Amino acid sequence: MADPDLREDLREDLRDEFREEFDRERPPPDSYHSALNRAFQQDPSRLPGWAAPVAVILAVTMVTTLAVGARARAGQQQQHVPAGNPVLVQSTTKPAPAPTLGPAESPDVHVAARTAREALVSAGDVIERTQDGGESWTVLFAGMNGHRGTVRDLEWVTGTVAFAATSYGLLRLDTQPPSFTLVNQRRDVQRMDFVTPLVGYAIAGDRVIRTADGGRSFVDLDVGLTLVSWIQWVSAGYAWAAGPRGVVATSDGGRTWNEQLEFKDAPDSGAGVPLTQVGFTDRLNGFAYHRSGDVNLLLHTSDGGATWEPAPRLPAGVTSDLVVTGPDSAELVQPSAPGRPSLCATADAGMTWRCSELPLPGDPGQMVARGAVRWLALLDSGAVFAVSQNGQTWSTRRRPFQSPAGVAPARSPSAVGG
Numbered sequence: 001m002a003d004p005d006l007r008e009d010l011r012e013d014l015r016d017e018f019r020e021e022f023d024r025e026r027p028p029p030d031s032y033h034s035a036l037n038r039a040f041q042q043d044p045s046r047l048p049g050w051a052a053p054v055a056v057i058l059a060v061t062m063v064t065t066l067a068v069g070a071r072a073r074a075g076q077q078q079q080h081v082p083a084g085n086p087v088l089v090q091s092t093t094k095p096a097p098a099p100t101l102g103p104a105e106s107p108d109v110h111v112a113a114r115t116a117r118e119a120l121v122s123a124g125d126v127i128e129r130t131q132d133g134g135e136s137w138t139v140l141f142a143g144m145n146g147h148r149g150t151v152r153d154l155e156w157v158t159g160t161v162a163f164a165a166t167s168y169g170l171l172r173l174d175t176q177p178p179s180f181t182l183v184n185q186r187r188d189v190q191r192m193d194f195v196t197p198l199v200g201y202a203i204a205g206d207r208v209i210r211t212a213d214g215g216r217s218f219v220d221l222d223v224g225l226t227l228v229s230w231i232q233w234v235s236a237g238y239a240w241a242a243g244p245r246g247v248v249a250t251s252d253g254g255r256t257w258n259e260q261l262e263f264k265d266a267p268d269s270g271a272g273v274p275l276t277q278v279g280f281t282d283r284l285n286g287f288a289y290h291r292s293g294d295v296n297l298l299l300h301t302s303d304g305g306a307t308w309e310p311a312p313r314l315p316a317g318v319t320s321d322l323v324v325t326g327p328d329s330a331e332l333v334q335p336s337a338p339g340r341p342s343l344c345a346t347a348d349a350g351m352t353w354r355c356s357e358l359p360l361p362g363d364p365g366q367m368v369a370r371g372a373v374r375w376l377a378l379l380d381s382g383a384v385f386a387v388s389q390n391g392q393t394w395s396t397r398r399r400p401f402q403s404p405a406g407v408a409p410a411r412s413p414s415a416v417g418g
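Letter 123 of the sequence shown, counting from 1, is numbered 123 in my numbering, and no numbers are missing.
In case anyone wonders, no lab produced these hints; they're calculated from the structure. Note that the structure is predicted; figures quoted are calculated from it, not measured. One or more hints might be untrue.
What the hints assert, rightly or not - Label-pair restraints from in silico Cβ distances:
(1) Arg398 - Ala236: 33 to 43 Å
(2) Gln131 - Gln185: 22 to 32 Å
(3) Gly272 - Arg340: 17 to 27 Å
(4) Glu357 - Gly205: 31 to 41 Å
(5) Gln131 - Thr352: 35 to 45 Å
Stated by the list, open to error - Lysine to any residue pairs mimicking SDA-like chemistry, simulated, CA-CA at most 25 Å apart:
(6) Lys264 - Thr226
(7) Lys264 - Gly279
(8) Lys264 - Pro315
(9) Lys264 - Asp294
(10) Lys264 - Val195
(11) Lys264 - Pro312
(12) Lys264 - Gly293
(13) Lys264 - Leu297
Where a beta carbon is used, it is the ideal one built from N, C-alpha and C, also for glycine.
Please take these sequences and the hints and turn them into a complete structure.
Set out below in structure tokens:
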């Protein structure tokens, strides 16, 4: 029979090992295996036959306890509390410590419209929602960490669930009841495309990543591009990814990717890293928009990318992202004069364009089309949000950036679509 004193000493040693590994609020994903390995790094002469099962039981017990606690914290809901106009969604629990950030990130503007009446907008790191075409607003996320960050992408997934990629990590926004959850503190996510509230894809740094648990964890997805700036899924099987050097596509859910376009910009263009985006209405009809400095290239396909037809003309200069409104139609915003944008549209795959100056101030930011309704987010000294039911008259709303002193607002178009 084993010596009781030896057994108790080993239990204490194992507890100390695990306590050292897990004495943090959010242990890294490999802590489970690391703790097991360290627990077994004992003098073999001190480990009788029952020590290994004891180590495993302690590891499983502690990891399970931590996981349950993390899920409980993530599932806590925030209360919808009236706070004048706009209404503010306020946390009823003590928030987790804000991520430590480096230099403040310049604030940007975004808009994500679900219908002609309901939309989300962001000015810097503050996210608001309207259900009546912009007449009234509710603050879903009031920012954090002294407003040193910004929203980088904003996307509806269902009628009640949206996600925001921010400088602080990935936010899930729920509207019934209004609440937010910081589901992942990964801060390199630039653009998202969620298929369901659980399954989604994102651009992180220069690569594509995939989640199957609502953003709590991600794995890399190799699409065959060294740099990726855009991704769009039109169904569970069909998707396109784009980067400075080309466009690739998959028809088998991301298992394999085939090159469809290759771009070779002049090495001495001095334009920085080019930006390429894609926009498809279905698995056959879509556009590819390649921007390298002031040189823009637009191509259209009607056979899923097997062949592409370049547009002979398109607006020049720095523009917003291309908003695809139909199989052959698209729109974008370009500056016709400093601080004065124009809305340009094509109905024949880029063969001809019609541009009209907007009665709005600001540089091109982001546009979303929902039927005949247009939602705009522009960059001025702050954010300018505008909505038009007919493209002729606009209802506008200004929002100042809640940014740290000394940080100027971004003056370039947003790199993220709606």
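### Query
Any hints this thing doesn't respect? Which numbers, in order?
Violated hint (a single one): 10; every other hint is consistent with the structure.
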